[in-house]
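Model the full assembly from the supplied sequences, consistent with the hints where possible.
Numbering-wise, the sequence shown is residues 0 to 179 according to numbering that gives the first Met the number 0.
Restraint ranges, calculated between C-beta atoms of paired labels, are given here:
no. : residue 1 : residue 2 : range
1   : Ser117    : Glu37     : 24 to 32 Å
2   : Gly77     : Ser51     : 40 to 48 Å
3   : Asn111    : Ser51     : 29 to 37 Å
4   : Glu74     : Asp49     : 34 to 42 Å
For lysine to any residue, the following SDA-like pairs were computed, each having C-alpha atoms within a straight-line distance of at most 20 Å:
no. : residue 1 : residue 2
5   : Lys171    : Asp147
6   : Lys45     : Gly136
7   : Lys171    : Leu38
8   : Lys45     : Asp158
9   : Lys45     : Lys134
10  : Lys109    : Leu150
11  : Lys45     : Ala59
12  : Lys171    : Arg35
13  : Lys171    : Asp64
14  : Lys45     : Leu94
15  : Lys45     : Val164
16  : Lys45     : Pro168
17  : Lys134    : Glu99
18  : Lys171    : Ala39
19  : Lys73     : Gln144
20  : Lys45     : Thr85
21  : Lys134    : Tyr159
22  : Lys109    : Gly124
23  : Lys45     : Asn160
24  : Lys45     : Gly89
25  : Lys171    : Tyr122
26  : Lys109    : Asp147
27  : Lys73     : Asp108
28  : Lys134    : Gly100
29  : Lys109    : Asn66
30  : Lys109    : Gly120
31  : Lys134    : Ala43
32  : Lys45     : Asp135
33  : Lys73     : Pro168
34  : Lys73     : Asn41
35  : Lys45     : Thr55
36  : Lys110    : Gln123
37  : Lys134    : Gly161
38  : Lys109    : Lys171
39  : Lys109    : Asp169
40  : Lys171    : Phe130
Hints listed in this document are in silico derivations from the structure and should not be mistaken for laboratory results.
What you are looking at is a predicted structure, and each value in this text was computed from that prediction instead of being measured.
Yeah, the Cβ is synthetic: ideal placement off N, Cα and C, and Gly gets one too.
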Amino acid sequence: MIIGRLGKPASLLLSAAAFAMLSSCANIPQTKDEPRGELAANVAVKAVVDASGAATFSYAGDFTDANGNLDFSKEAAGNTVYITFTLAEGSSAGLTFKPEGPDAMWIVDKKNVGPDGSPQGPYQGRQFYGFETSKDGLTFTVTDQNDDGVLYRYGLRFDYNGSTVVDDPDVKNGGSGGHG
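Here's what the structure looks like:
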């Protein structure tokens with residue numbers, strides 16, 4: 000048996016050192032290989048289209064402000080977020096999310112928006128997945144991996160009397176590597 004300078008067996012000293020080292024790891028950011036938590040974000044969208052065809056939007060729910068900007072960079076950081084958008088009572092009759100999930104929500108890194116400030120097409124990437132519109136068109140769901148720290152612009156896209164209606168809020172993800 001090897002005895003350390005304080006008269007304790009070396010294995011006991013090594014165990015204490017290992018425990019101290021592991022305890023200090025509690026504040027190290029999570030990596031993609033570690034188990035992650037899961038959160039739900041339920042967001043009600045009130046969309047009203049007036050006689051001229053102009054639309055106004057208001058949002059209420061988890062991690063959102065009244066303009067629909069989602070912030071997953073703090074309380075939701077490190078968690079996969081299951082986002083459910085539901086058309087709220089008081090929305091214009093006949094307004095529905097686009098029937099094909101990827102067409103109901105276009106997303107782009109905000110630094111890459113088009114000249115009009117909006118995403119220019121369906122999402123191309125791996126951070127968001129599972130785009131799905133309910134059969135009645137009143138609910139849309141998507142999953143956000145939420146681990147890249149990027150600020151995204153998203154466009155919720157609706158059908159209304161043969162026209163497309165769009166609103167373009169932001170999503171701020173948790174994690175590192177972002178530039179938003």
